[in-house]
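Turn these sequences into a full structure, and let the hints steer you where they fit.
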Amino acid sequence: MFQGLQFEPVKLPQSSVALRAEVRAFVEGELAADYLRNSDFNAGESAEFSQRLGQQGWIGMTWPKQYGGAERSFLDRYVVTEELLAAGAPVGAHWIADRQSGGQLLKFGTEAQRLEYLPRIVRGECYFSIGMSEPDTGSDLASVRTSAVKVDGGWCLNGSKIWSSGAHMNHYMIALVRTEAQSSNRHAGLSQFIVDLHDPNVTVKGILNLAGDSDFNHVFFDDVFVPDANIIGTPGNGWEQVVSELGYERSGPERFLSAFRVLVEFIREVGDNPTAAQLALIGRLLANLVTLRRMSISVAGMLEAGKTPITEAALIKDLGNTYERLVPELIRVLAPAKTSQRFQNTLHQCILHAPSFTLRGGTREILRGVIARGLGLR
Amino acid sequence: MNEQQLITDTIRRILQDQCTKATVDAAEAGVWPAGLWQTLEDNGLTLAGISEASGGTGGELAASLLIIREAASVGTPLPLAETFIAARLCELVGAQMPPGPVTVSGSTFTLTQEGAGYRLQGQAEGVAFANQCSTLIVVANDASGAYLCLVPLAEISQTVTQTMAGEPQSDFSINCLLPADAVFGSTEDLAAQLWCLGAATRSVMMAGAMTSILEQSVQYAMERQQFGRPIAQFQAIQQQLAVLAGEVAACQRAADSLNEALVPLNEFDIAIAKARISEAVGSATDIAHQVHGAMGYTMEHSLNLRTRRLWCWRDEYGNEDYWQQSIGRYVVAQGADNTWKTITDAG
Numbered sequence: 001m002f003q004g005l006q007f008e009p010v011k012l013p014q015s016s017v018a019l020r021a022e023v024r025a026f027v028e029g030e031l032a033a034d035y036l037r038n039s040d041f042n043a044g045e046s047a048e049f050s051q052r053l054g055q056q057g058w059i060g061m062t063w064p065k066q067y068g069g070a071e072r073s074f075l076d077r078y079v080v081t082e083e084l085l086a087a088g089a090p091v092g093a094h095w096i097a098d099r100q101s102g103g104q105l106l107k108f109g110t111e112a113q114r115l116e117y118l119p120r121i122v123r124g125e126c127y128f129s130i131g132m133s134e135p136d137t138g139s140d141l142a143s144v145r146t147s148a149v150k151v152d153g154g155w156c157l158n159g160s161k162i163w164s165s166g167a168h169m170n171h172y173m174i175a176l177v178r179t180e181a182q183s184s185n186r187h188a189g190l191s192q193f194i195v196d197l198h199d200p201n202v203t204v205k206g207i208l209n210l211a212g213d214s215d216f217n218h219v220f221f222d223d224v225f226v227p228d229a230n231i232i233g234t235p236g237n238g239w240e241q242v243v244s245e246l247g248y249e250r251s252g253p254e255r256f257l258s259a260f261r262v263l264v265e266f267i268r269e270v271g272d273n274p275t276a277a278q279l280a281l282i283g284r285l286l287a288n289l290v291t292l293r294r295m296s297i298s299v300a301g302m303l304e305a306g307k308t309p310i311t312e313a314a315l316i317k318d319l320g321n322t323y324e325r326l327v328p329e330l331i332r333v334l335a336p337a338k339t340s341q342r343f344q345n346t347l348h349q350c351i352l353h354a355p356s357f358t359l360r361g362g363t364r365e366i367l368r369g370v371i372a373r374g375l376g377l378r
Numbered sequence: 001m002n003e004q005q006l007i008t009d010t011i012r013r014i015l016q017d018q019c020t021k022a023t024v025d026a027a028e029a030g031v032w033p034a035g036l037w038q039t040l041e042d043n044g045l046t047l048a049g050i051s052e053a054s055g056g057t058g059g060e061l062a063a064s065l066l067i068i069r070e071a072a073s074v075g076t077p078l079p080l081a082e083t084f085i086a087a088r089l090c091e092l093v094g095a096q097m098p099p100g101p102v103t104v105s106g107s108t109f110t111l112t113q114e115g116a117g118y119r120l121q122g123q124a125e126g127v128a129f130a131n132q133c134s135t136l137i138v139v140a141n142d143a144s145g146a147y148l149c150l151v152p153l154a155e156i157s158q159t160v161t162q163t164m165a166g167e168p169q170s171d172f173s174i175n176c177l178l179p180a181d182a183v184f185g186s187t188e189d190l191a192a193q194l195w196c197l198g199a200a201t202r203s204v205m206m207a208g209a210m211t212s213i214l215e216q217s218v219q220y221a222m223e224r225q226q227f228g229r230p231i232a233q234f235q236a237i238q239q240q241l242a243v244l245a246g247e248v249a250a251c252q253r254a255a256d257s258l259n260e261a262l263v264p265l266n267e268f269d270i271a272i273a274k275a276r277i278s279e280a281v282g283s284a285t286d287i288a289h290q291v292h293g294a295m296g297y298t299m300e301h302s303l304n305l306r307t308r309r310l311w312c313w314r315d316e317y318g319n320e321d322y323w324q325q326s327i328g329r330y331v332v333a334q335g336a337d338n339t340w341k342t343i344t345d346a347g
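So the sequences go chain by chain: A and B. Okay, so the first sequence: first residue is 1 according to this note's numbering, each after it adds one. Okay, so the second sequence: first residue is 1 according to this note's numbering, each after it adds one.
If you're looking for bench data, these hints aren't it; they were derived computationally from the structure. Hints may contain errors.
[As the list claims (entries may be wrong)] Residues from chain A that face chain B, not an exhaustive set, calculated with beta carbons under 7 Å:
| no. | residue |
| --- | --- |
| 1 | LEU5 |
| 2 | PHE7 |
| 3 | LEU75 |
| 4 | ARG268 |
| 5 | PRO274 |
| 6 | ARG294 |
| 7 | ILE371 |
| 8 | ALA372 |
[Claimed, not checked] Straight-line Cα separation of at most 30 Å, DSSO-like style, residue types lysine-lysine; simulated pairs:
| no. | chain 1 | residue 1 | chain 2 | residue 2 |
| --- | --- | --- | --- | --- |
| 9 | A | LYS307 | A | LYS65 |
| 10 | A | LYS107 | A | LYS65 |
| 11 | A | LYS11 | B | LYS341 |
| 12 | B | LYS341 | A | LYS338 |
| 13 | A | LYS107 | A | LYS338 |
| 14 | A | LYS11 | A | LYS150 |
C-beta atoms are modelled at their ideal positions from N, C-alpha and C, and glycine is treated no differently.
The following block contains the structure:
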């Protein structure tokens, strides 16, 4: 009776078993012994790691071969992404391009755009940022003010985008901008453009987050010329395209694994003589994680079947974020009196970044609104 | 129409006709719904998935889980889970399942040879629906193995009380002689089978009732008007119901895993389901009751047929703390660096 509450059990295919072993062995070979593993997809980036991953064929792996892809299933892709996150590998550089930008180009882009960008993304050499939020536009995405005005041979962009992770290191941004004046239909008149972040009229200013990292940015456009060739899909169709992007953005394992390394280090700390409360906490976190993972695999199965699981994705993200937000809070109070430096660093990094978990990719309130729509309440 | 859909449609039709709120209320007042049991039995729904050799109607074990889940979603006051567990244990030891409703106890009993038969001794508390069953099935262990004992209840005294949900339960102090043909030896760990089947059935029962309280809560929010509009239009209500939906979806998914967890017995998956679903009951019933307001707190409203049962089932056959610790012990024993492997091995 409800939309989006059914998560049909999906078994990972036999092909993914061998793939999992390969990825696991590869990552263990890549990470130095003293590397502080972090399962937050946004926590570390390494162009070198991304390129080595690309050489393995593990970026853009569901895409057609003519664009460099491996034409593998979403379930295989699921295995690769979760193995990278669980190991705490530095995946930040290519993550967005692999997860959603490439998919947008594949779905809505021109043949020329696909040939131009996808093979470079696949090689781990080309990185994208998301350009959705603006200083006055957060959850209310339809209120974007950054505008593009038609000029000879292209468009002239003015305005700014904010919270764009990695924009200071990435090559391109897919920006959602207004190409027609706002009408009574707030969702009309929006378009998506590929913007070159190295354009001289683009200014990228870093914003320090509370952990002291400069990961996200404020990106300014001052009369940036974007050629016609860089518009994605149909002018005015931006809203529909953005909504379709969210199924990919919200349902993956990065929505519940961000705190995974904290759990691993906690299990290491409790050692051979855990208290009953510590055992119960480990069991509680496992029971939630195993279930979330199974739900997320169900969604990978829906993506593979060509469905657009918007409500399911929102539901996984809300449940998953609530979970990963809880992990450091519950572990903190049950940690042994004396703990290792590694445990403390892992825990503290997680606590400092945890406020972002329930904001990025759609706030908890927006997600619950999407779920409520699936329930028929709005 | 596939087998599963056929079973779902059949059980739903029967329950809609014969398991109304009045039926459940009457059962709470002591009226056994004999007609409902008979209809279910006539339709082969009380022993689905149990081999014909053991007295069942054949098919997949998952069929029984489906029936038990559907029945639980409307608070069916019958020992369907207990009968299924008993039948499954009979099947495992090659015994013939006694007719009618049968109950089980997870307490440990001792068995000693006496004459041509055996003496069975032990205590059992909170045995569900024992006052309506002719047979109690228990497990006794000795040095040589496990034994399934079929205990006729006619001549054994029992103290009957009611659970929080108003369902009958009995306490026993048993010291009786059993004929040799009522005792079945087995190389299986029957006690673990019984306990896990109990946890698995309670898990699917909770999943069924959880889905049902979400449906009731959404419907109520759309009908109930306050401040001139349905309360479903208020964001405060929408957000609460979205949280409830998330918990329910997780419980459904956890319960779905049990279809393949019974043969061979997958204790890890059963632990995951019982821990996850029992954990959800507190917050889920809190939201359902809050949305229903004072109306949902009355005996008259059917919400309590589900929520009172959920409050019982979450504690039966191991509460969430019990199963969480069991998972925790397993994970710790694998070592910190194998945690992820444990998770992916679970599938």
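Status of the hints after comparison with the structure:
1. Because the beta carbon of A/LEU5 sits about 5 Å from the nearest beta carbon in chain B, less than 7 Å, this interface hint is met.
2. With 7 Å as the threshold, the beta carbon of A/PHE7 comes within range of chain B, its nearest partner Cβ sitting at about 5 Å, so the hint holds.
3. For A/LEU75, the shortest C-beta to C-beta distance to chain B is roughly 12 Å, which exceeds 7 Å, and the interface hint is violated.
4. Annotation: A/ARG268 was flagged as interfacial toward chain B, and the flag holds, the nearest CB pair being 4 Å apart, inside 7 Å.
5. About 6 Å separates the beta-carbon of A/PRO274 from the nearest beta-carbon of chain B, less than 7 Å, and the hint is met.
6. Of the supplied interface hints, the one on A/ARG294 holds, with its beta-carbon coming within about 6 Å of a beta-carbon of chain B, less than 7 Å.
7. Given the 7 Å rule on beta carbons, the hint for A/ILE371 holds: about 4 Å separates it from the nearest Cβ of chain B.
8. At a threshold of 7 Å, the smallest CB-CB gap from A/ALA372 to chain B is about 4 Å, leaving the interface hint in force.
9. With a C-alpha separation of about 22 Å, the suggested pairing of A/LYS307 with A/LYS65 holds against the 30 Å cut-off.
10. Of the supplied pair hints, the one linking A/LYS107 and A/LYS65 holds, its CA atoms being roughly 15 Å apart against a limit of 30 Å.
11. For the suggested pair A/LYS11 and B/LYS341, the alpha carbons sit about 16 Å apart, so the restraint of at most 30 Å is met.
12. Taking the CA atoms of B/LYS341 and A/LYS338, the gap is about 27 Å. The hint holds against a cut of 30 Å.
13. A threshold of 30 Å between alpha carbons decides the hint, and for A/LYS107 with A/LYS338 the separation of about 52 Å lies outside it, so the pair is violated.
14. Restraint check: the Cα-Cα separation between A/LYS11 and A/LYS150 comes to about 49 Å, which exceeds 30 Å; the hinted pair is violated.
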